[in-house]
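J.: Residue-level listing of the chains:
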Amino acid sequence: MTSSAINAPADAAPEPPPLSDRLRQTVLPRLVTGLILLLMWEIAVRLLAPPFVARPSSVVAIAPKVLTDPKFLAATGSTLLAVAEGLVISLILGTLTGLAIGRSRIAEKALLQHVNFFYAMPMIVILPLFSLWFGYSAATRIATIIFASIFAIVMNVADGARAVPGEYLEVARSFRAQRLRMLFEIVLPSSMPYLLAGVRLAGGRALIGAVVSEFFLSIGGLGYYILYNSRSYHHSEAFVGVLLLAAFGVGFEVLVGWCTRRFMPWYRRGAN
Amino acid sequence: MSAPSAPAAQPAHADSARIRVRSLGKRYGALEVFRNIEFDVGAREIVAIVGPSGCGKTTLLRCIDGLLPHDTGDIWVGDARVEEPIAGVAMVFQHFGLFPWKTVFDNVAYGLRMAGAARTEIERKVPEFIKMVGLAGFEKAFPYQMSGGMQQRCGLARALAVEPSVLLMDEPFAAVDAQTREILQFELLRIWQERPTAMIFVTHSIEEAVLLGHRVIVLKGRPSSIHEIVEIDLPGPRTRATLQLPRFAELRERVWGTLMREAREAEFQLERA
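Residue numbers (my numbering), protein chains in the order written: chain A, 384 to 655; chain B, -16 to 256.
Derived by calculation from the structure, the hints in this document are not laboratory data.
Note that the structure is predicted; figures quoted are calculated from it, not measured.
Please note: incorrect hints may appear among the correct ones.
[Stated by the list, open to error] Sample of chain A residues with no beta-carbon within 12 Å of chain B, all distances over it, derived:
| no. | residue |
| --- | --- |
| 1 | Met423 |
| 2 | Ala560 |
| 3 | Met575 |
[Unchecked claim] Derived DEER-like restraints, expressed as beta-carbon distance ranges:
| no. | chain 1 | residue 1 | chain 2 | residue 2 | range |
| --- | --- | --- | --- | --- | --- |
| 4 | B | Gln227 | A | Pro548 | 39 to 47 Å |
| 5 | A | Arg407 | B | Glu111 | 51 to 59 Å |
| 6 | B | Ala119 | A | Leu638 | 31 to 39 Å |
| 7 | A | Pro505 | B | Tyr11 | 31 to 39 Å |
| 8 | A | Leu495 | B | Tyr11 | 25 to 33 Å |
| 9 | B | Tyr11 | A | Pro548 | 15 to 23 Å |
| 10 | A | Leu563 | B | Glu15 | 50 to 58 Å |
| 11 | A | Leu563 | B | Glu122 | 41 to 49 Å |
C-beta: ideal position from N, C-alpha, C; glycine also.
All chains, full assembly: derive it from the sequences and hints.
T.: In structure tokens form, the structure reads like this:
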């Protein structure tokens, strides 16, 4: 027994750990921490808080009802649609602007500082102004989503466009590629990993922009659903919305990661 | 094996010169790279350029491709004066220069697409050249899935696909291993026999220069200029057997001697400075 216990780690070292080991070493601690946190939450609410405060058991109990409620689904759809629209607009305009900044010195001088400035500006402070310009409407929500997400894409695409290996451009020039074709057929695909990193960042920011503008504007959507239910003591219902938003955030990251692997098999990072 | 009537032994540049380089000079700011470069390349001739590293061989080739501006002199390809890349000239790059997001097919098609070729033409020609370089079956592979030798075959097919009258080779086999390099050299000779073009082949390997070139240009000095042009009067077509000829060894030694003398002089110059 003693000798095998001593030999085991030495044998295991050069090979990757088997699945059961990985489960034990990474998944298990994570799971245990999560369960402890949930348990603490459950106990604390039961002991200290009034009955309408959400606790894990009440959230789980109400979840099926909320997730099949047409009003909730409509609110979710409205928010997701707005995020998708805003992201598409950000993606197109942001990519064009980023390419210009990355490949043209004049565009860089004219635009880069402003992009940095707006990227650093908290999106919430622009919301009162947007609501005056565009009204208490879905237009303001879209504007906020675009403002929240576009600069992340611009900055990443600009970085990518600057980092295009000179040999690609040289090959394109040698084969007499026109400038615009070089931009969209060489610079853009070469910048794709940067672009997707930007989109990843932009997705999270767009979601925040949507929810915050719904809070502020009281227009229909998942953010407003959460706000409304919190204020009317339906904390558990509100919490289902919160968890769903978190799931969308994670889901978007996973989707972008999957797209990277599926559509850019040539782009390989060291690990994972 | 072959009849002695092979044209390679004759001075091929004597007939129609495809490339004419006249008193060419290039400087990067205060640093003069080369000066007064003059030579011709015949329409069916391979000219190899050797020289110590840093002598400006690659810069010279980039000037001839029109990728870099030159400061003095002229470069003519046919009747066209080279100021920027022109049609009918294709380059094969040392680091392959394949686009990693494109498959072999799309990489090979790139030059044709840029030249505005019709889709039917692309679909007809690209497989032909992929086959010519021995990559049939790899049309859908991405560069990262292939060895260096296969990647350079793809780079060669891309250059050949535009059916250029001038091929510029920038140390194309420097980044592949020794065996692959040897295989590719003979593949290149075979392809050149099928479709002869004017070719400038830049290399730092004397053996490669003598094997491939009908003439070998030796660059020397700082700034560099043409030190010697060695006629390589080996019978063609050249094969592995060529490497065994006494004449091959003689010519190799001759170029080697010229280069080494220069290298030693350059070293002494540095020591004195």
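J.: Which of the listed hints are broken here?
T.: 2, 3, 7, 10 and 11
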